[in-house]
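Visitor: Chain B: place on chain A using the hints.
Each chain, letter by letter, is given below.
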Amino acid sequence: MLIAARILTLVLTLFMAAGGTAAGAEKKVKVVASFSILGDMVKNVGGDRVEVTTLVGPNGDAHVYEPTPADAKAVSAADLVIVNGLGMEGWMDRLIKTAGYKGPEVVATKGIKPREMAAEEAGEHEHGAKHEHKIDPHAWQNLANGQSYVDNIAKGLSSVDPAGAATYKANASAYKAQLAALNQWVKKEFSVIPKQKRRMITSHDAFGYLGAAYGVIILSPMGVSTESEPSAGGVAKLIEQIRKEKITAVFIENVSDPRLGEQISKESGVKLGGELYSDALSKPEESAPTYIDMFKNNVPKMVEAMRKGL
Amino acid sequence: MMYLFNFFLAPFQDFAFMRHALVACLALALGCGPVGVLLVLKRMSLVGDALSHAVLPGVAIGFLASGLSLYAMTLGGIVAGLAVALVAGAVARFTLLKEDASFAAVYLMSLALGVLIVSLRGSNIDLIHILFGTILAVDDADLVLVASISSITLVTLSLIYRPLVVECFDPGYLRSVGGWGTVMHFIFLVLVVLNLVAGFRALGTLMAVGLMMVPAASARFWAREVWSMALVAVFIAMLSGYAGLILSFHVNLPSGPAIILTAGLCYIFSVMLGVHGSIYSRRKPGLHLGG
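Residue numbers (my numbering), protein chains in the order written: chain A, 1 to 310; chain B, 1001 to 1291.
Think of the hints as simulated: they come from the structure by calculation, not from any bench.
Hints are supplied without guarantee of correctness; some may be wrong.
Unchecked claim - Far from chain B by the CB rule (all over 12 Å, computed), these chain A residues:
1) ALA77
2) SER158
3) ALA174
4) GLN263
5) LYS266
6) PRO289
Stated by the list, open to error - Computed far set for chain A versus chain B, every beta-carbon distance over 12 Å:
7) LYS30
8) GLU66
9) GLU105
10) PRO114
11) GLN147
12) SER159
13) ALA177
14) LYS195
15) GLY211
16) ILE217
17) ALA236
18) LEU260
19) GLU262
Stated by the list, open to error - Covered by chain A, according to a simulated footprint, are these stretches of chain B (three or more residues, beta-carbon under 8 Å):
20) 1018-1028
21) 1248-1260
We treat Cβ as the ideally placed atom computed from N, Cα and C, and that holds for glycine.
Excised from the complex, chain A in its bound form (with noise of 0.2 Å):
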């Protein structure tokens, strides 16, 4: 017994050990992002200094995640938390809590200005008062603002890897620009379709940003959260919406009942335009599994849609 033990404990501090020194040699800054998207960009920026763990995986809603022992393991063994904030992640104070995470927490959105729900056009019709001052946490649809979320993650791993703040820096200007060829590319497609007949539903109200910032009028029957329950008077002023102005791009996104949509599109004599992804990132294998590639299978398809409408 007692031999045994020892052997244990001797194997145990070998193991202590090695382990130490292989994290001395080439130590990753551990980074956490609350969803996918942020996922790729701090990917992106990090390059092969940081590991980053994803919480709210491809096609999964950060909106309604319920996170589990496994993500609180990785936040406290993070060195850096990374969230989108504008109360997208509402879980994550908590999570953050209960991991004991005591590190820095980035932001991304910092020194964005955000775009309140404004209870307008089909939004109207939800519940009124309790949407109508909502903030849309949803920034990162403006390429725009993404840039200021390269910014802010570049700040922050730069504050706790200041070895790396170079290779950060230069991470980060080179994805900028990537990012800012890809908003030039955006404006251009967009700017095929005169401004009157740039219009486009969704069943989720996630793309305000990508709105304002490309001048399309967003119309949804849901408002910005999933889990709202439309209701048969806000159906019907949206179909007739279309009926009456005429509409052509009517979208299911990836995260809402498609039933409602095809529902919509039938009764309005619209064809479906394609999947958006819009509050994550799809796998690997599917059309949107970066934050660029999101924009590059999105835009072509909202324009392509808006064009049969000319």
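Guide: Leaving out everything else, chain B in the frame of chain A:
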């Protein structure tokens, strides 16, 4: 006149989704009414609730097997619901445990298994939300499903009506003349599961049970025989479906809760003013004695 037409009928004339929703409600009412009444009479009113949770593992397995195919998930839900109903029913019949306790135990196991399977999948899409959306999203396939289930329910009930009613009031009798009582009971449980799944497709998990139980509980105050009680329940369910949709249309309320709350109003009215055993009828016993 024009105003009344616009208010009560025009929504259904103008919009196919309103017609879909209404037909789904009417078809559901036909099946759920009698089934709910029998549940009330058998003192199994909470079994519907239990079963609505019990379908989760089946839905989850359907989801794992074929992604977001609604058919696979519905089929999985039916299989899981049946398994729970049959196992719980068997335990109640063949051991000393009563129906409520055995249902509670088995449905909780099933629910836990469902949660386990969903979380193993890792992705956090809310399965139940997707499968059991809103009545406004009912499509042709859903309508066919709901109508078929209602038809099967009505035909089956009419075939086994007499033994089922006997079994309902005197479980010992059929057992004494042969094992038919148990068979009737299981057939009935199958009908309960089918109607619940039909309700899920149209109304969502929580609300489906409402359309089954609330009209049935209200009907108790208006009729004495099983058949007339079932008729009243069907009528109340249909009325609630229609009125709830109209409310949802004009006042912009979410449709599922609007329908069930309308049924709830009927229930409150029945409790207060119903003909049999309501607060009103009990306070004026003379009315009945005189008649």
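Visitor: If any of the earlier hints don't hold here, list their numbers in rising order.
Guide: The structure conflicts with hints 4, 5, 8, 17, 18, 19, although it agrees with all the remaining ones.
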